[in-house]
Amino acid sequence: MWNYSEKVFDHFMNPRNVGEVEDPDGIGEVGSMACGDALRLSFKLDDEGRITDAKFQTFGCGSAIASSSVLTEMIKGKTLEDAAKITNEDIAEELDGLPREKMHCSVMGREALEAAMIDHYKRLGRGVPCHLIHQASLLCHCYQVTKDTVREAIYNHRLEDVEDVTNFTKAGGGCGDCHHDIGDLLRECWDKIERGVAPAPKEDGGLIQLDGMPAAPSVEHDPVDKDIVARIQELLIDDISVALRNDGGDIEFVRYLDGKVFVRLTGACAACKASDVTIKGYVEAQLREFVSEDLEVIEVDK
Amino acid sequence: MTDNGNKSFNMMEGLPEPPAKGIYFDNNATTPVAPEVLEKMIPLLTDHFGNPSSMHSFGARAGDEVAEAREKVQALLGAAQSNEIVFTGGGSESDNLAIVGTLHANPKKRHLITTAVEHPAVLGLCRDLEKRHGYEVTFLKVDQSGRLDPDELRESLRDDTAVVSIMMANNETGVIFDIEAVGRIVKENGSIFHVDGVQAAGKLPLDLKSSTIDLFSISGHKLHAPKGVGALYVRKGTKIRPLIVGGHQERGRRAGTENVASLAGMGVACELAAANIEHENTVVRSLRDDLEKGLLSAIVDSQANGDPEHRLPNTTNISFQYIEGEGILLLLDRVGVAASSGSACTSGSLEPSHVLRAMGLPFTLTHGSIRFSLSRYNTQGEVDYVIKALPPIIERLRMITPFNEQRATF
Numbered sequence: 005m006w007n008y009s010e011k012v013f014d015h016f017m018n019p020r021n022v023g024e025v026e027d028p029d030g031i032g033e034v035g036s037m038a039c040g041d042a043l044r045l046s047f048k049l050d051d052e053g054r055i056t057d058a059k060f061q062t063f064g065c066g067s068a069i070a071s072s073s074v075l076t077e078m079i080k081g082k083t084l085e086d087a088a089k090i091t092n093e094d095i096a097e098e099l100d101g102l103p104r105e106k107m108h109c110s111v112m113g114r115e116a117l118e119a120a121m122i123d124h125y126k127r128l129g130r131g132v133p134c135h136l137i138h139q140a141s142l143l144c145h146c147y148q149v150t151k152d153t154v155r156e157a158i159y160n161h162r163l164e165d166v167e168d169v170t171n172f173t174k175a176g177g178g179c180g181d182c183h184h185d186i187g188d189l190l191r192e193c194w195d196k197i198e199r200g201v202a203p204a205p206k207e208d209g210g211l212i213q214l215d216g217m218p219a220a221p222s223v224e225h226d227p228v229d230k231d232i233v234a235r236i237q238e239l240l241i242d243d244i245s246v247a248l249r250n251d252g253g254d255i256e257f258v259r260y261l262d263g264k265v266f267v268r269l270t271g272a273c274a275a276c277k278a279s280d281v282t283i284k285g286y287v288e289a290q291l292r293e294f295v296s297e298d299l300e301v302i303e304v305d306k
Numbered sequence: 022m023t024d025n026g027n028k029s030f031n032m033m034e035g036l037p038e039p040p041a042k043g044i045y046f047d048n049n050a051t052t053p054v055a056p057e058v059l060e061k062m063i064p065l066l067t068d069h070f071g072n073p074s075s076m077h078s079f080g081a082r083a084g085d086e087v088a089e090a091r092e093k094v095q096a097l098l099g100a101a102q103s104n105e106i107v108f109t110g111g112g113s114e115s116d117n118l119a120i121v122g123t124l125h126a127n128p129k130k131r132h133l134i135t136t137a138v139e140h141p142a143v144l145g146l147c148r149d150l151e152k153r154h155g156y157e158v159t160f161l162k163v164d165q166s167g168r169l170d171p172d173e174l175r176e177s178l179r180d181d182t183a184v185v186s187i188m189m190a191n192n193e194t195g196v197i198f199d200i201e202a203v204g205r206i207v208k209e210n211g212s213i214f215h216v217d218g219v220q221a222a223g224k225l226p227l228d229l230k231s232s233t234i235d236l237f238s239i240s241g242h243k244l245h246a247p248k249g250v251g252a253l254y255v256r257k258g259t260k261i262r263p264l265i266v267g268g269h270q271e272r273g274r275r276a277g278t279e280n281v282a283s284l285a286g287m288g289v290a291c292e293l294a295a296a297n298i299e300h301e302n303t304v305v306r307s308l309r310d311d312l313e314k315g316l317l318s319a320i321v322d323s324q325a326n327g328d329p330e331h332r333l334p335n336t337t338n339i340s341f342q343y344i345e346g347e348g349i350l351l352l353l354d355r356v357g358v359a360a361s362s363g364s365a366c367t368s369g370s371l372e373p374s375h376v377l378r379a380m381g382l383p384f385t386l387t388h389g390s391i392r393f394s395l396s397r398y399n400t401q402g403e404v405d406y407v408i409k410a411l412p413p414i415i416e417r418l419r420m421i422t423p424f425n426e427q428r429a430t431f
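Chains Y and P, in that order, are what the protein sequence lines are.
Under our numbering, the letters of the first sequence match residues 5 to 306, in that order.
Under our numbering, the letters of the second sequence match residues 22 to 431, in that order.
Calculated directly from the structure, the hints in this document are not laboratory data.
Some hints here could point you the wrong way.
[Said to hold, decoys possible] Simulated DEER-style distance windows between Cβ atoms: (1) Y:D152 <-> P:P383: 54 to 60 Å; (2) Y:E293 <-> P:A137: 29 to 35 Å; (3) Y:R268 <-> P:A202: 40 to 46 Å; (4) P:S103 <-> Y:D242: 50 to 56 Å; (5) Y:E293 <-> P:A202: 44 to 50 Å; (6) Y:K11 <-> P:D170: 28 to 34 Å; (7) P:R153 <-> Y:D229: 21 to 27 Å.
The beta carbon of each residue, even a glycine, is placed where N, CA and C say it ideally should be.
Assemble the whole structure, with the sequences as input and the hints as a guide.
Dropping the structure here:
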């Protein structure tokens, strides 16, 4: 039995704002039946751009319903700018906390809010203002890499694909959510390069020569890391992989770099949000306990 | 279209007041200890606390109790001799002893066969043997009703197949495999045949002496004995190596001072189970059937999972479309009903039921599956109450879900 707070129970037993607002100004849908939870969030704005009404429909467990319900309460009366500042931690906090395994329910709330705001600007036929989207100036949230940094790297080293960008800037090396955005940036930059309006490449500025050379030195580890890499691999293969297979999944070791362990989850639920729980709550906890306390585990190709 | 405006939406609307005593429909998870069992146990924890190995009357009394318990387990299982019963610390230990004990006794054989729908005690062990110990494992598939294909088993057997481990009845769906048909195929190949009988014991008549079964696991707490005791039937002449070494107990097959009180309790529980097999297959079956029919007819977009012809008399597994099992369980709990779900959110692992997935059930039916498992302590009144209490719960949750409307695009 999960240890839910009174507030989670309250919002589950008496969910606020169930349904869909009439004539909505934005609708966000996230999740899927396969993942086991999904949320449809809609809102209505007044003339001053304040959210006057918000409603939800949720397929999911008690905490998913509670997270959705509390989110509608939190955004009502707020401008889109203020609503955009709500993080998944805020949602969990408003519920007096969620069990660790259930934090993904609050993430789903945050994602639905973002999706609904993006939908709103699409309806207006406008681009999404960066400042509205939480940390939107960042391209890669995992490594806090900005778009400018990525553009500079693309121009300096004439990077050709997402993998190149990841190798040079680390952007895209974490959850992988920004791969699409990196692709957009690559197209933007290469358009300029081909039209001859881009900055010149930097001589000797690269870490590696790129001309005709495959990018990804991804599995060549620094010799000083040899020992820790061996210990990580041993734990991943002997224990973690065995345990995950009991649940129908599996894990692959991708690489180790600067205290970060990059792994790929496989199996049916690899793409599910619950994998965050597996990564942080299990894989990282195991590696910290048995290999080194300061390791960070990052899932790639999510 | 659901639209309740800004009014609060009360999940409990239309739900009955919970009965004074909770309704326990989760007997495949664990069962209450029978009063007769507890009565047997208490003196063995107080006045008669001896160690069966001791050379005094305290020890002798304890030894007699263990011997008596062994005979009662023998009787329930229909074993030829009481020394074919090895006491263990529970069903999972029995499964581990059966499989690992057989592999260690047959070190040249490196292959084993099991099914995709086994209890984690077997499935997890087999995956571990495959991954860490270099064994090859064949996981037999099941069809949409949860049935095995005997031809697939026949084709999977090899000269080096040490053991075939197949459950008699599935804990989630209650589906019963045709163990004798399976056993004949296994024995033609000369492999050891282990049957996980944890859910079957006490619910189905057993006669192991005239079966093809070499090893058979049972668990105390599934049949109204306490948790932490179980047994493995080891047919005379079947070689197994112990997992726990360091004592002569259980004729060298399981070291450690006997859990005398609990074993004696399990003995009484087996005696009661044997006396109630008929009741289980008539009265309990009819309660289960009433519950299933009542719920399926009261709730649209629901279906029972698993082969209806070959099922434990106490179990029904029902999927409710468009909603997720945890919400159903939380609300059932509020109205005093305990059940379980194959939903991802209710398992610690966040993975939906491997059994329903192996049966090819779509996710929409897996996440909203609820298992009701009854026992001889349940009543018609409880069944009638649940048939009344569940429909409004399903209705309330379906009002919230985005999936029962065509508009949802995800």
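Okay, the hints, checked on the actual structure:
1. Restraint check, D152 of chain Y to P383 of chain P: a C-beta distance of roughly 46 Å breaks the suggested window 54 to 60 Å.
2. The supplied range of 29 to 35 Å is met by E293 of chain Y and A137 of chain P, whose beta-carbon atoms lie about 31 Å from each other.
3. Between R268 of chain Y and A202 of chain P the beta carbons are some 42 Å apart, a value that agrees with the proposed interval 40 to 46 Å.
4. As the Cβ distance of S103 of chain P to D242 of chain Y is approximately 41 Å, the hint placing it in 50 to 56 Å is violated.
5. Range check, E293 of chain Y to A202 of chain P: Cβ separation about 47 Å, and the 44 to 50 Å hint holds.
6. Between K11 of chain Y and D170 of chain P the Cβ separation comes to about 50 Å, which falls outside the hinted range of 28 to 34 Å.
7. About 25 Å separates the C-beta atoms of R153 of chain P and D229 of chain Y, a value consistent with the hinted range of 21 to 27 Å.
When each numbered hint is compared with the structure, violations occur for hints 1, 4, 6.
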